[in-house]
Each structure stands twice: as structure tokens, then as C-alpha cells.
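Asks: This is what each chain is made of:
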Amino acid sequence: MTTQEITATGDIEIAEASRTNLWRDAVARLAANRLAVVAILPIVLLFFIAAFGPFLTPYDFLAQDFTARLASPSSEHWLGTDELGRDVFSRILYGARTAVSVGLVSTAISLIVGLVMGSLAGYLGGRVDMLVVWLTDMTRSMPALLLAIVINLTLKVPLEAWMEQMYLATKNGFFRQTMWVDLVLVFGALALIQWPGYARLIRGQILSIRSRNYVLAARALGMPTGRILTRYVIPNAMGPLIVAVSAGMGGAMVLESAFSFLGVGVQLPIPSWGKMISDGLRMWQTHPHLLVGPAVMMAVITVSFAWLGDGLNDALNPRQWGG
Amino acid sequence: MSVLLDVQELQTRFQVRKGYVYAVNGVSFKLEEGETLAVVGESGCGKSVTMLSLVRLLPPAASIENGKVLLRGDDLLQIDQRQLRDVRGGQIGMIFQDPMTSLNPFINIGTQMSEPLIYHRGMSKKEALARSAELLEMVGIPDGEARLREYPHQFSGGMRQRVMIAMSMSCEPAVLIADEPTTALDVTIQAQIVELVKELRDRSGVAVIWITHDLSVVAGIADRVIVMYAGYIVEEAPVDALFEDPRHPYTVGLMGALPSLEGDTGTRLTTIGGSPPDLEDLPDFCPFHTRCPYSIDRCRTENPMLEPVADASDRGHRAACWVDIREVEVQSNGAGASS
Ligand SMILES: Nc1ncnc2c1ncn2[C@@H]1O[C@H](COP(=O)(O)OP(=O)(O)OP(=O)(O)O)[C@@H](O)[C@H]1O
Ligand code: SF4
Ligand SMILES: [Mg+2]
Numbered sequence: 001m002t003t004q005e006i007t008a009t010g011d012i013e014i015a016e017a018s019r020t021n022l023w024r025d026a027v028a029r030l031a032a033n034r035l036a037v038v039a040i041l042p043i044v045l046l047f048f049i050a051a052f053g054p055f056l057t058p059y060d061f062l063a064q065d066f067t068a069r070l071a072s073p074s075s076e077h078w079l080g081t082d083e084l085g086r087d088v089f090s091r092i093l094y095g096a097r098t099a100v101s102v103g104l105v106s107t108a109i110s111l112i113v114g115l116v117m118g119s120l121a122g123y124l125g126g127r128v129d130m131l132v133v134w135l136t137d138m139t140r141s142m143p144a145l146l147l148a149i150v151i152n153l154t155l156k157v158p159l160e161a162w163m164e165q166m167y168l169a170t171k172n173g174f175f176r177q178t179m180w181v182d183l184v185l186v187f188g189a190l191a192l193i194q195w196p197g198y199a200r201l202i203r204g205q206i207l208s209i210r211s212r213n214y215v216l217a218a219r220a221l222g223m224p225t226g227r228i229l230t231r232y233v234i235p236n237a238m239g240p241l242i243v244a245v246s247a248g249m250g251g252a253m254v255l256e257s258a259f260s261f262l263g264v265g266v267q268l269p270i271p272s273w274g275k276m277i278s279d280g281l282r283m284w285q286t287h288p289h290l291l292v293g294p295a296v297m298m299a300v301i302t303v304s305f306a307w308l309g310d311g312l313n314d315a316l317n318p319r320q321w322g323g
Numbered sequence: 001m002s003v004l005l006d007v008q009e010l011q012t013r014f015q016v017r018k019g020y021v022y023a024v025n026g027v028s029f030k031l032e033e034g035e036t037l038a039v040v041g042e043s044g045c046g047k048s049v050t051m052l053s054l055v056r057l058l059p060p061a062a063s064i065e066n067g068k069v070l071l072r073g074d075d076l077l078q079i080d081q082r083q084l085r086d087v088r089g090g091q092i093g094m095i096f097q098d099p100m101t102s103l104n105p106f107i108n109i110g111t112q113m114s115e116p117l118i119y120h121r122g123m124s125k126k127e128a129l130a131r132s133a134e135l136l137e138m139v140g141i142p143d144g145e146a147r148l149r150e151y152p153h154q155f156s157g158g159m160r161q162r163v164m165i166a167m168s169m170s171c172e173p174a175v176l177i178a179d180e181p182t183t184a185l186d187v188t189i190q191a192q193i194v195e196l197v198k199e200l201r202d203r204s205g206v207a208v209i210w211i212t213h214d215l216s217v218v219a220g221i222a223d224r225v226i227v228m229y230a231g232y233i234v235e236e237a238p239v240d241a242l243f244e245d246p247r248h249p250y251t252v253g254l255m256g257a258l259p260s261l262e263g264d265t266g267t268r269l270t271t272i273g274g275s276p277p278d279l280e281d282l283p284d285f286c287p288f289h290t291r292c293p294y295s296i297d298r299c300r301t302e303n304p305m306l307e308p309v310a311d312a313s314d315r316g317h318r319a320a321c322w323v324d325i326r327e328v329e330v331q332s333n334g335a336g337a338s339s
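Going down the list, the protein sequences come from chains A and B.
Just so it is clear: in the first sequence, position 41 is 41 by full-length UniProt numbering, and no numbers are missing.
Just so it is clear: in the second sequence, position 228 is 228 by full-length UniProt numbering, and no numbers are missing.
Certain hints may be false.
Derived DEER-like restraints, expressed as beta-carbon distance ranges [stated by the list, open to error]:
| hint | chain 1 | residue 1 | chain 2 | residue 2 | range |
| --- | --- | --- | --- | --- | --- |
| 1 | B | K68 | A | L146 | 53 to 61 Å |
| 2 | B | D186 | A | S141 | 37 to 45 Å |
| 3 | B | E65 | A | M138 | 32 to 40 Å |
| 4 | A | L146 | B | P59 | 35 to 43 Å |
| 5 | B | Y20 | A | M138 | 54 to 62 Å |
| 6 | B | Y20 | A | L41 | 55 to 63 Å |
| 7 | B | D80 | A | S141 | 37 to 45 Å |
Think of the hints as simulated: they come from the structure by calculation, not from any bench.
For every residue, glycine included, the Cβ atom is placed at its ideal position computed from N, Cα and C.
So here's chain A without its partners, still in its complex pose (with noise of 0.2 Å):
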């Protein structure tokens, strides 16, 4: 981009610039960024398999196989089978399906929760601020893993009974699926300790955005609260925050896992990398095969959510247009 002076237009300077899209200029940046781009196709694969897998899949992920019990991988068996003779690599790609409703769940829920939070704190101040700053900080205090147990112990049967109450007095089939209130569960405690991030991280963006200029030629223009957070405060809050969206995708499948590990992840009939990579551990020194296959998945994609977050920084980040 030049700038350059010209005299015939009535003596006024003329930026010349690329009249191209701002979002094209994004994505050229970011196809620009090597590891971005590598940590694309794992991302793309996942959500591939996550939506496709039962069509992929060798074996159905329940069907057992007997005469294969623990087998190690073979021509047959790619990966190898589980104590029940299961075979790992259809699990593994089942266990997609898992991984990615977790993560956009949760983060989702934590993601809304966390915006609206820290928009008001930043945006109102005060009291309402001080309460959610005590929030957050009350929240992040308490250990993960120890809350999602709690909420488990505390929560999970009170609500198997509700259901079965809601079953008796409605007949609804709906409330005799109690994997429901494994989701509702893991979903929420996940939710729980994500959002103070969020909320802390839009609530520091939003202070300093505020008091950048556009914001006060903004507000001096008559511009509603409302309208100045939506399409001033948020959109350049947005690159830190796709950031901390998608590592924090990885993070919840990772904790996910730790929650399996300990016995209060999603006990579903679907296979989660978390329980495999519990279950693989139990025998990791005789039957490796059980641990490697999902560990493996699960370090790639985490690692590849933290890669792409970077480069979509970089990308998004405004500084970077000459601004």
C-alpha cells in the first residue's frame, strides 16, 4: 500500500490501496502461515470422520470378535482389538464423533456464557464487574477435575431420578435414556470451568477496546450501547478470542478424557479417546496398541487446534492492516 500525493484531485492525498476484501486479506495471511495450514487438514479429517466415521469404519464399533481378543494390529485388525474384541481403529473413529460434539459443545455453551459475562462486566463496570471478577475467580479456584467430580456425585443421581419420574408421569421415551444426563453432566461441568476464561479474556479485551478512539467517535456520534458492542467492541475482540476458542476446543476434548479417566466422563455405548486412552493405560506396558492409536489422535488434534489458533491470530489481528 502507498500513499502517494496528487495534485489534480484538488490537491488532496490519495491512499492507494488494493481494493481488495478485508476477510480475503485474512485468509491469504493465514495460507501464508505453514503451520496453520498443516494443522488444518487434522482439523478438516476430524470433522470429516466425526461426521461420516459409521460409514468408514471396518467394524461396527460394538461388534465383538472373540477369537481376536486383544490382538495386536494386523492386516485384519489395522490397530489391533480390545479386551472385548472390539476393533480399535472403528472405535477410534467413532470416538471422533465424541470428541467433536464435546468440544463444540461445551465450548459453545461456555463460549456464550463467558461473552455475555464478560460483556457486561467490562461494558457496565462497577458492581456488576466486581461480581463477576468474584465469579470467575471463585470458579478458577477450585481444581477441574475435582468440580467435575463433585457435580458427578452430587448431581448425577438426583437427576437419574427426576428422570425417572418425568418417564412415569409422562411416558416419554426420551427420559428412560439416562446417557442423557451423562451429556448434561460432562457438557455442564465442562461449561463450568470454561467459561471464566472466556469471560476473563473478553472482559480484558472489552476494557481496552473501550477506551480505544473509535469506540468514544462511537459513542460521540450518538451510537446506541448496544450496537457499539456488537459491531465495535466484539469483532475486535474477536481475534485473541478465536484464539482461546480453539485451543480451548482442544482443551475440553483433553479434559473430556481426564474425566473418563477418572470415571465421570461420558459413559456412553459411543466410544470417547478419553475412556480408550484410560482403558489403554490399564495394560499400556503389554498391549501398547490399545493406548497409542487414540493418544496419538488426541495429540495431533490438540496440537493442531493450538496451531491454527495462532495462525488465525495472526491473520485476524488488525494491527496488521495498517490500521
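Assemble the complex: chain A is given as a structure, and chain B with the ligands must be docked to it using the hints.
Replies: Okay, now just chain B with the ligands, sitting in the frame of chain A:
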């Protein structure tokens, strides 16, 4: 001429850890329809805080402790938030010092310019965009329609200030407050911006409050001038009277700080010896006395009020000083030598 804006006894302070910063201390002035008022004074004397107080755009630590801001009779310090938003941008437009950061980098110029038109004037998006293109051409940005689709980073500093001016003028406000709008720009562009505002003013009849450090700009654009010091107005006069017959020692000091002919641009008014008083601990007598070569005993016991000066050529010439400086010989040729 009728009074458009009547500011009375305005007081604004900031809460800080150990107490208060008294930034604006009983400022009163009037602005008439179509008039251009310049506000000058050293950095930190309260120019910006005064203007932000008028439309209650202050940071959270600030509070307005007293005063009235009457815009055509309505007190802006009393109206509710909704009415206040209508005043901002609708009745009082503002432009600020740093055009590089005054536009939202995420929204294209057209959308950004349309928002106040949609909001204040109830235009449709299409009408607002068409009007925005006209406004761009009006502030000297050719090819307005095409440029609406561009983003702020595609505009230079001077262009962005033009956009800011177009936006603040888009809803035809009665008052335009310009807070050092040229300080951050190149010299040649500074002059262009001053010319642009003059032209728009003459065409639309908007009253202008122009905050500046640059006395040469004052001479070129203003009808009247207010000189501020430590949160007080210390002198107020029609522009000619102020330059020919300054009556407050501080104003005399400012004149002494005028750039020489070959001097560089926009010289900051900091060449008076000494420094301004601590706004957290203001004396209850003349705040200028530590730097004033004319100071007498009374200056250290009582704070002078802003009052009409003796033998004034204009009734509007007022100063806050116990001494008639025309009657005093100062050995050291102007302000600043004694302390
Ligand atoms: N957020 C704040 N907290 C505490 N004090 C402040 C704050 N903002 C401004 N002040 C004080 O208010 C006083 C007046 O500031 P103001 O910005 O009005 O000065 P100014 O005359 O506009 O100066 P400049 O020419 O540098 O723009 C300053 O002395 C400053 O110390
Ligand atoms: S009142 Fe006294 S100290 Fe203050 S400006 Fe006048 S002469 Fe100087
Ligand atoms: Mg200022």
C-alpha cells in the same frame, strides 16, 4: 445572534487513589449560533475534559460535580441517556485528535458512515449509503461511491480525518467540537483540514469549538478565543482583541511562544518557565502565581474571578487577574523569567 450553547460553572473531577484530580474548575462560556470559538492552553489544562463533559462522554473515573450545559435552553447534564444519544452526533458533532485510530478497522467506510444517518435521520441503508457517498465528495474525497466499500486501513491519516469530519457533520449538527484535529497530521495536510472545516462551516452555518495548541490556526479560523489554565478560563476575548491586547499574564506568555516565521510547525505552548500546578492539590488563590512575573501579594491569598477588563475594546473581553498588566513594567521582558 442568539446563544446556542451556554455553559455555566462546569466542574469535573477524576477520582484517583489518593483523592481527586480537579480537571475543570467552574468553567463558564457561551457559544453563539454560527460562531467559531477557539480554546487554547497548555497540555493538561482541561480542554478535552471540558468538551467531553458537555456531552457526558467522560471515562468512568470522572464525575461532573456542578454546572449547567444549556443547548438552546435544555440542560444536557439533566436529560436522560436516550435524549443524550440524540444530542450526540445529532446536535453536537465531535472530531478527535488521532484520525488513525478513530475509525473501526473492521467495518467498511460506507457502513460506518451510514450508521449515524440511519440512527439519527431514520434513513434506509440505501439512502444512507447514497448520502455517505455525497458526503465523501463534499469533504474532498473523490470517487466517493467506490470508496464506501473500502476499509479504514486503505485511507491515509488526512483522508481518515476527512471521513471523521464527514461523519460528524452528516446529521447537520448545530455545534462541531474539534479537539486538536490536526495535531497528528503532516503540516500540508493540517492546512487542508483547517480549510475544509472553514469551508463546511461557512456553507452550513455550524458553530465550531476548535481546540488547538497552534495560535496561527486560531488567528485564521476563530471569532473568539478562550484561554484555559489549570482547569480555569483565565482569559476570554474576540480574536483580534486577544492578539492585540492580551490582558492575562499567561496569555502574554503564550504569545511569546508563538512560532517565529521560519519556525517549525504547531509549536507546543510550553515555553513559559515553570510548570502548571498539581491538579490534585490546587491552591485557593491564583493558580498561575508560581510562574507569573506580575504577581503581587493579593495573588497568594485570593483567586481572581473572570471579569471584564478595564478599557476594553469589546465588552466580551474578560480576564482573571488582579493586576492590570498594562500599568506594570516587568524588567524581564514578558513572562517566564521570574519564579
Ligand atoms: N482518566 C483520568 N484520570 C485522572 N486524571 C485525568 C484523566 N483524564 C484526564 N485527567 C486529568 O485531567 C486534566 C485535564 O486533561 P485534558 O485531557 O482535558 O487536558 P487537555 O487540555 O485536553 O490537554 P492536551 O492538550 O494534552 O489534550 C489533566 O491534567 C489530566 O491529568
Ligand atoms: S492574579 Fe496575580 S499571579 Fe495570577 S496572573 Fe494575575 S498577576 Fe499573575
Ligand atoms: Mg486534549
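Asks: Mind checking the hinted window 37 to 45 Å against the Cβ distance between B:D80 and A:S141?
Replies: With Cβ atoms ~41 Å apart, the hint holds.
Asks: Does the Cβ pair B:Y20, A:M138 satisfy 54 to 62 Å?
Replies: The hint (54 to 62 Å, Cβ to Cβ) is violated, given that B:Y20 and A:M138 are roughly 33 Å apart.
Asks: Evaluate the given range 55 to 63 Å for the C-beta pair formed by B:Y20 and A:L41.
Replies: 59 Å, holds
Asks: Per the hint of 32 to 40 Å, is the separation of the Cβ atoms of B:E65 and A:M138 within bounds?
Replies: 37 Å, holds
Asks: Is the distance from the Cβ of B:K68 to the Cβ of A:L146 consistent with 53 to 61 Å?
Replies: 58 Å, holds
Asks: I want to verify a distance hint. Is the separation of the beta carbons of B:D186 and A:S141 within 37 to 45 Å?
Replies: 53 Å, violated
Asks: Taking the CB of A:L146 and the CB of B:P59, does the distance hold inside 35 to 43 Å?
Replies: 41 Å, holds
The structure fails hints 2, 5 (numbered hints given earlier, in ascending order).
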